[in-house]
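Q: Respectively, the protein sequence lines represent chains V and S. Start counting the first sequence at 57; every next residue gets the next number (the working numbering). Start counting the second sequence at 104; every next residue gets the next number (the working numbering).
Hints in this document: simulated from the structure, not taken from any laboratory. Take the hints with a grain of salt, since some may be wrong.
[Stated by the list, open to error] Per the computed footprint, the stretches of chain V lying under chain S, defined by three or more beta-carbons under 8 Å from a beta-carbon of chain S, are: (1) 66–79; (2) 157–164.
[Said to hold, decoys possible] With a straight-line cut-off of 27 Å between C-alpha atoms, the simulated DSSO-like cross-links for lysine-lysine are: (3) S:K328 with V:K99; (4) S:K132 with S:K119; (5) V:K78 with V:K119; (6) S:K128 with S:K182; (7) S:K256 with V:K145; (8) V:K78 with S:K328; (9) S:K161 with S:K174; (10) V:K131 with S:K185; (11) V:K131 with S:K328; (12) S:K180 with S:K119; (13) S:K180 with S:K212; (14) V:K158 with S:K328; (15) S:K185 with S:K256; (16) S:K226 with S:K180; (17) S:K180 with S:K293; (18) S:K182 with S:K132; (19) S:K132 with S:K185.
Cβ atoms here follow ideal geometry from the backbone N, Cα and C, with glycine treated the same way.
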Amino acid sequence: MVKGRQGECVRLYVRGTILGYKRSKSNQYEHTSLVQIEGVNTKEEVSWYCGKRMAYIYKAKTKKDGSLYRCIWGKVTRSHGNTGIVRAKFRRNLPSRSMGDKVRVFMYPSSI
Amino acid sequence: MAPMKTTSTRNPLLAKGIEKFSRSKMYHKRGLWAIKAKNNGVFPRHEKKVVVPGPIQKPPKFYPADDVRIKRAVTRKPKPTKLRSSIRPGTVLILLAGRFMGKRVVFLKQLPSGLLLITGPFKLNGVPLRRVDQAYVIATSTQVDISGVTVFKFDDKYFKKEAKVKKIKGDSEFFDTDKEEKKNLPQEKKDDQKVVDESLLAAIERVPDLKTYLSARFSLRDGVKPHELVF
């Protein structure tokens, strides 16, 4: 976003989709969001991603800090279910319009 | 009794309150018969140590009105972060964030603050001598021979930012605020970079393809899953 540099673009994050909030049938808990990380399909694969930071990036109308892009930081907390869905907590709860939007799951803090 | 060195009991516990050996067996095991024999059939007794009374302490003249907690000096010395076993001097690391994200760099040593000292080498990928946190780095299995590199002189003070000189805004200087002083890297640091890189580049050129490897950047592609990658 704020690179302003030409040349090769490197993607050092994994794409993820925000599915919604942690919820039961008729109650939802907005403090935790559910995220589907691309390529992660089982509960065992999620362990690599636990603790990794994620960023929900969105555009706003007014410029802040010289940019129209804004970001909410969060991290992968744990797996959710058996098929690789992940629970995430963000610094501030995600807005409801983020459902279906992309999130960036970074590879840090790294333990490799 | 004289202070005895405590060892693990010779009497194993079978169940709660039930030990394996009887009193008489333990007497033999502990060798009390030998101690007695050494002391003419009697268990040795020591005289109580006479405590010499210290100098008489006078009651303090001043009692503070409030109970104030005494601040004790901190004796704990923090250790540098434990270095991951996959990171060894000469390992090629992939930077995950920051200005040089995706670049493959050579790890030189861990500084006392816990941060890692790395270098591009500058000629190959534009990464200078820099500090990086372990958490923002992936260690690959590729190693570079850094036996020829001297890194003793580098520590955290070398990388400390120079204190900004605060300018008092006078009338004449008000108009000059647009032209901020460009921070030029001191020649000394440029020379240090050259010295470190010289020996490194020599080692890198000996390994086929390592030069292009370090010049290239790492990126995730479609269908590439980091949790399945082996670095």
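Q: Run through the hints listed earlier and report the numbers of any the structure violates, in increasing order.
A: Checked against the structure, the hints that fail are numbers 5, 6, 7, 12, 16, 17, 18 and 19, while the rest are satisfied.
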